[in-house]
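Assemble the whole structure, with the sequences as input and the hints as a guide.
From first to last, the protein sequence lines stand for chains A and B.
Anchor point for the first sequence: position 343 equals 342 in numbering that gives the first Met the number 0, and the numbering is continuous, going up by one each time.
Anchor point for the second sequence: position 204 equals 203 in numbering that gives the first Met the number 0, and the numbering is continuous, going up by one each time.
It should be emphasised that the hints constitute simulated quantities derived from the structure, not laboratory data.
One or more hints might be untrue.
Stated by the list, open to error - Simulated DEER-style distance windows between Cβ atoms:
#1 ALA80(A) <-> ARG699(B): 50 to 60 Å
#2 LYS228(B) <-> THR205(A): 44 to 54 Å
#3 GLU542(B) <-> GLU240(A): 35 to 45 Å
#4 ALA303(A) <-> PRO478(B): 40 to 50 Å
Note that CB positions come from ideal geometry on N, CA and C, so glycine has one too.
Now for the letters of each chain:
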Amino acid sequence: MQDIDALRDELLAQVDGATDEAALESIRVAALGKKGSISALMRGLGKMTPEERQTAGPALNGLKNEVDGAIRAAKARLEDAALDARLARETLDMTLPVAPEDRGTIHPVSQVIDEITEIFAAMGFQVAEGPDIEEDFYNFTALNIPPEHPARQMHDTFYLPERPDGTRKVLRTHTSPVQVRTMLNSKPPLRIIAPGRTYRCDSDQTHTPMFHQVEALVVDEATHMGHLKGCIEAFCRAFFEVDEVKMRFRPSYFPFTEPSAEVDIGCSRKGGEVRIGEGDDWLEIMGCGMVHPKVLEHGGIDPAKYQGFALGMGLDRIAMLKYGAPDLRAFFDSDLRWLRHYGFAALDLPTLGQGISR
Amino acid sequence: MKFTLSWLKDHLETDADLETITDTLTALGLEVEDVEDRGAELAPFTVAYVVKAEKHPDADKLQVCEVDTGDGIEQVVCGAPNARTGMKGVFARSGLTVPGNGMLLKPTKIRGVESNGMLVSEREMGLSDAHEGIIEMPDDAALGVPFAQILGLDDPMIEIAITPNRQDCLGVRGIARDLAAAGLGTLKPDPYGAVEGTYTSPVNIELRLGEMEAPACPVFTGRYIKGVKNGPSPDWMQRRLTAIGLRPISALVDVTNYISYDRARPLHVYDADELTGDIHVRIAKQDETLLALDEKDYTLAGEECVIADDSGPIALGGVMGGVGTGCTEETTNVVLESALFDPLRTAYTGRTLNIDSDARYRFERGVDSDYVIGGAEAATRMILDMCGGEVSEIVVAGAVPDWERIIDLRPARVSALAGIDVPAAEAVRILESLGFVVEEMGDVIQVQVPSWRVDVEGEADLVEEVTRVYGYNAIPAVPLPALTDIVTPAVDLPQRRVRQVRRLLASRGLHEAITWSFVSSKYAALFGGGDPATILENPISSELDAMRPSMLPGLLEAAGRNMDRGFGGANLFEVGPQFAGDMPEDQSTVAAGLRALLQHRRHWQESAPPMLALDAKADALAALEAVGAPVANLRVATEAPDWYHPGRSGALMLGPKTVLAHFGELHPRILREMDVRGHAGAFEVYLDNVPARARKRTSRPALNASDLPAVERDFAFVVETAVAAQDLLAAARGADKALIEDVSLFDLYEGEGLGDGKKSLAICVRLQPIEKTLTDAEIDAVADKVVAAVAKATGGTLRG
Numbered sequence: 000m001q002d003i004d005a006l007r008d009e010l011l012a013q014v015d016g017a018t019d020e021a022a023l024e025s026i027r028v029a030a031l032g033k034k035g036s037i038s039a040l041m042r043g044l045g046k047m048t049p050e051e052r053q054t055a056g057p058a059l060n061g062l063k064n065e066v067d068g069a070i071r072a073a074k075a076r077l078e079d080a081a082l083d084a085r086l087a088r089e090t091l092d093m094t095l096p097v098a099p100e101d102r103g104t105i106h107p108v109s110q111v112i113d114e115i116t117e118i119f120a121a122m123g124f125q126v127a128e129g130p131d132i133e134e135d136f137y138n139f140t141a142l143n144i145p146p147e148h149p150a151r152q153m154h155d156t157f158y159l160p161e162r163p164d165g166t167r168k169v170l171r172t173h174t175s176p177v178q179v180r181t182m183l184n185s186k187p188p189l190r191i192i193a194p195g196r197t198y199r200c201d202s203d204q205t206h207t208p209m210f211h212q213v214e215a216l217v218v219d220e221a222t223h224m225g226h227l228k229g230c231i232e233a234f235c236r237a238f239f240e241v242d243e244v245k246m247r248f249r250p251s252y253f254p255f256t257e258p259s260a261e262v263d264i265g266c267s268r269k270g271g272e273v274r275i276g277e278g279d280d281w282l283e284i285m286g287c288g289m290v291h292p293k294v295l296e297h298g299g300i301d302p303a304k305y306q307g308f309a310l311g312m313g314l315d316r317i318a319m320l321k322y323g324a325p326d327l328r329a330f331f332d333s334d335l336r337w338l339r340h341y342g343f344a345a346l347d348l349p350t351l352g353q354g355i356s357r
Numbered sequence: 000m001k002f003t004l005s006w007l008k009d010h011l012e013t014d015a016d017l018e019t020i021t022d023t024l025t026a027l028g029l030e031v032e033d034v035e036d037r038g039a040e041l042a043p044f045t046v047a048y049v050v051k052a053e054k055h056p057d058a059d060k061l062q063v064c065e066v067d068t069g070d071g072i073e074q075v076v077c078g079a080p081n082a083r084t085g086m087k088g089v090f091a092r093s094g095l096t097v098p099g100n101g102m103l104l105k106p107t108k109i110r111g112v113e114s115n116g117m118l119v120s121e122r123e124m125g126l127s128d129a130h131e132g133i134i135e136m137p138d139d140a141a142l143g144v145p146f147a148q149i150l151g152l153d154d155p156m157i158e159i160a161i162t163p164n165r166q167d168c169l170g171v172r173g174i175a176r177d178l179a180a181a182g183l184g185t186l187k188p189d190p191y192g193a194v195e196g197t198y199t200s201p202v203n204i205e206l207r208l209g210e211m212e213a214p215a216c217p218v219f220t221g222r223y224i225k226g227v228k229n230g231p232s233p234d235w236m237q238r239r240l241t242a243i244g245l246r247p248i249s250a251l252v253d254v255t256n257y258i259s260y261d262r263a264r265p266l267h268v269y270d271a272d273e274l275t276g277d278i279h280v281r282i283a284k285q286d287e288t289l290l291a292l293d294e295k296d297y298t299l300a301g302e303e304c305v306i307a308d309d310s311g312p313i314a315l316g317g318v319m320g321g322v323g324t325g326c327t328e329e330t331t332n333v334v335l336e337s338a339l340f341d342p343l344r345t346a347y348t349g350r351t352l353n354i355d356s357d358a359r360y361r362f363e364r365g366v367d368s369d370y371v372i373g374g375a376e377a378a379t380r381m382i383l384d385m386c387g388g389e390v391s392e393i394v395v396a397g398a399v400p401d402w403e404r405i406i407d408l409r410p411a412r413v414s415a416l417a418g419i420d421v422p423a424a425e426a427v428r429i430l431e432s433l434g435f436v437v438e439e440m441g442d443v444i445q446v447q448v449p450s451w452r453v454d455v456e457g458e459a460d461l462v463e464e465v466t467r468v469y470g471y472n473a474i475p476a477v478p479l480p481a482l483t484d485i486v487t488p489a490v491d492l493p494q495r496r497v498r499q500v501r502r503l504l505a506s507r508g509l510h511e512a513i514t515w516s517f518v519s520s521k522y523a524a525l526f527g528g529g530d531p532a533t534i535l536e537n538p539i540s541s542e543l544d545a546m547r548p549s550m551l552p553g554l555l556e557a558a559g560r561n562m563d564r565g566f567g568g569a570n571l572f573e574v575g576p577q578f579a580g581d582m583p584e585d586q587s588t589v590a591a592g593l594r595a596l597l598q599h600r601r602h603w604q605e606s607a608p609p610m611l612a613l614d615a616k617a618d619a620l621a622a623l624e625a626v627g628a629p630v631a632n633l634r635v636a637t638e639a640p641d642w643y644h645p646g647r648s649g650a651l652m653l654g655p656k657t658v659l660a661h662f663g664e665l666h667p668r669i670l671r672e673m674d675v676r677g678h679a680g681a682f683e684v685y686l687d688n689v690p691a692r693a694r695k696r697t698s699r700p701a702l703n704a705s706d707l708p709a710v711e712r713d714f715a716f717v718v719e720t721a722v723a724a725q726d727l728l729a730a731a732r733g734a735d736k737a738l739i740e741d742v743s744l745f746d747l748y749e750g751e752g753l754g755d756g757k758k759s760l761a762i763c764v765r766l767q768p769i770e771k772t773l774t775d776a777e778i779d780a781v782a783d784k785v786v787a788a789v790a791k792a793t794g795g796t797l798r799g
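Structure follows, in structure tokens:
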């Protein structure tokens, strides 16, 4: 037994002293290999008496396991040390700038259309569309705008060349023709919004020849101005994300609604910045009213049975207001600095569940 | 429309203060745009008496004044030459700000003499530019009273916006009527009665209009007034006219202007001694001329309605009079005109001759047809009061057209449309106070519309009248009832695709732009456009005269602008309409984008310069994938429109005919023509051409993922340079449709060792075993099939 103890001490000392994996391997071969010192002692077990074997067997096995464990532990230790040494050599300047990836952006008008769509969707509206090059009928006549109305003059409306049948198409001056197209194509109850491009012959600091509007239309048997108020109020609260919006309806005039109103919302104008939901000032944000009976008729809807409201607002204006972009002309200039500054990330999809505004 | 508070009170008996009045006006739909209350601003400046004015001991041009303000004596040093003992002036005490120059007054010392407050000039009060001396007040002015009150400057001016339907409120009396209906007082009775004529007018009047032209002027009345003495109109009238921005001219002219604003009733006065024969109304002859009162010579087109005498036109009906028969200081005999002119023709005349006048503004909106004689009588009364004279009987040519109409109003419609319960009695009261004549017939109210409300045509208009006066703000807000218990989609598939593609492209580093729907016709032609049907008749400029046939010219211009600003490149996209013609079906929705590059952006991790055409292809494929196009089934055709580089562009085709996208490098000649430097890769994805998904089910086919490991084998083929990679990849993929899961190209090599006109394409073929692991023999068999298929399709051989 003393042999075994001596061998253990000797082997463990060798393992302790090994400085690399090769040395460890030769210790392992010398002890545990076929011709190794422990293997030789194991072979001796066969020649022993059963009594001798009873004590020598477990002792030898214990020695074998102990040495094997020590070698494995030492090996792991050496591997770790080697890895640490390698890592110490492998440093990289972590302050190096990463390769540039241009983050794309969504135009504020698109973002605001998505916001408005989300809000109106929650009130049961669907998005409707119509052509930008519109027939005079849909843009004017069907909306109760008579031929002599000033809006039809060349200085207000873009006209396309006269067609063989004597008619001239126009670039729609508002999104309202979509109302008429919707009425002619579907049956009440109707709830639609129509966002889109609109055009007027106007170009100065605050007007652009192309701009955007959104129209909302409700037609059924019971919707009245109280619902119109409720709808606008709900929209303003959701869009501007305020708990309460002061609102004022002013009687106004549009050929396609009767009664008609303009809507002001309460705001403050401290330091030139418009803030919705506070203050004592008013800001006009849209025109609206009950759909004129003649418009319903032009839309193939019986005004004796059906009624409803329509509202329209400038999308660019409302985007300017909400996001503080001061200059309308910049919306259409595609200046990358402006797009990066006022644009929205691709993943900033407005939803009611996660919040409308970014 | 401007008026003053005192003017309003000529018609409205009211105790309401200014703020209540302006708030009510806005609530009635007569939106207040401006209130100029000079009386309030000037109220602190009061009448003072100069007890003593003596020369300043140390300054020749200054005087030291002892001023009695009515509230004590102050010492004021004053530089005005007219400051003198015993005068009355206007005192501004310390602590006030001088409105004319914004100066805050403080007690001070001027050349060693105490001065507290000042005596002010008109310029310092913001009244005029006069600064030669201080304001002198009448001797009987009471001390301490606001000077503006004594000078009649304390009449607030109110400006309101008039919607096109409210012509009746282009006269102060109409405004007063609305306010009275809203409960702000009572409308005073009309002060002007008829004036009896004492002789027959020596000037006759005739309508010389054919049957078709008759509406141009249905009625024209004239009244001769002889022996008038023209001169300045009275102070009160001049003050009111001045307050609303009109220049007082002479009593005769001022009266017509005054009635125009007081009653929305334009009138005209001719100097009868300048007339040649009688007056007649007719349609102008082409190239007739008239020197109008704005001192401009007008050549007529031949459609205008003119007032003429035997010498030719003397006025443009409903628009403006002529200089030749205009009134002067010497005028002694006049003809007073009160007539009706057709709104359309008046608008036409004003527009073609480019004349804006108060008369045109009113006539083109339609004036009260039943106040032709009334307007003449009111003006007659005023002229007699101011200028004296003797009046003739009124000559009437034509007749007032029938204006009476009756509309039925069901009171229940008010609550049904407006959502507010207005008691029937209140509705009747409102209508009556607005001048409607009301007769209740059971459930229906019969309403006769007054002659001045040309805008009221139907029941909905009456509902508006009742609701407007009752107050829109009383309408309770009611939530829209929900149609469904949970939100349903608001967008259809094409609309949803627009939203998806927009966000996909932004996620790829492109910036969404919104460019004009029109471009120059020159650029339109470069991009397949220029169809005359798409050229605007009246563009805002020649650079924006054609509906865009493609979004690329607009985007390219935008990229050019950015690069000119010093950006090395611009990655832009737009999702929107483009126009192949003027019909609705010619308008299509396209997602287009470009990556323009002036200078490759350097970075320490040097990357290869981009292959713009293939980057554009990647953008187009990603866009198509985002909208659900079957990207795996697409074929690249090497054909693209002329605006692309002929050798670096293509089309993404679904089947033999359907083009889903074009992509490629833009043709350098296009960039040159549009003056854009650098290069650009561009794509146009035709969203309308992407087929709808066939299945509407949400469940997907079962996933067939094998547990057996896939095997990859590489091959390098040498082919002719002209061979399309697409064909080689397709051949390899088709070699064993069951086992080959994917084929990818991992190397393209041209050059040394291959020989001219050759290239090497190296592909990785991935085999997915289905039932059991593949043996070497099985793998070799597939490999042989790949080699054979590629050889057959492309003539390619394995690279040795």
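Tested hints:
no.	hint	in the structure
1	ALA80(A) <-> ARG699(B): 50 to 60 Å	holds, 52 Å
2	LYS228(B) <-> THR205(A): 44 to 54 Å	holds, 50 Å
3	GLU542(B) <-> GLU240(A): 35 to 45 Å	holds, 40 Å
4	ALA303(A) <-> PRO478(B): 40 to 50 Å	violated, 26 Å
Checked against the numbered hints given earlier, this structure breaks only hint 4.
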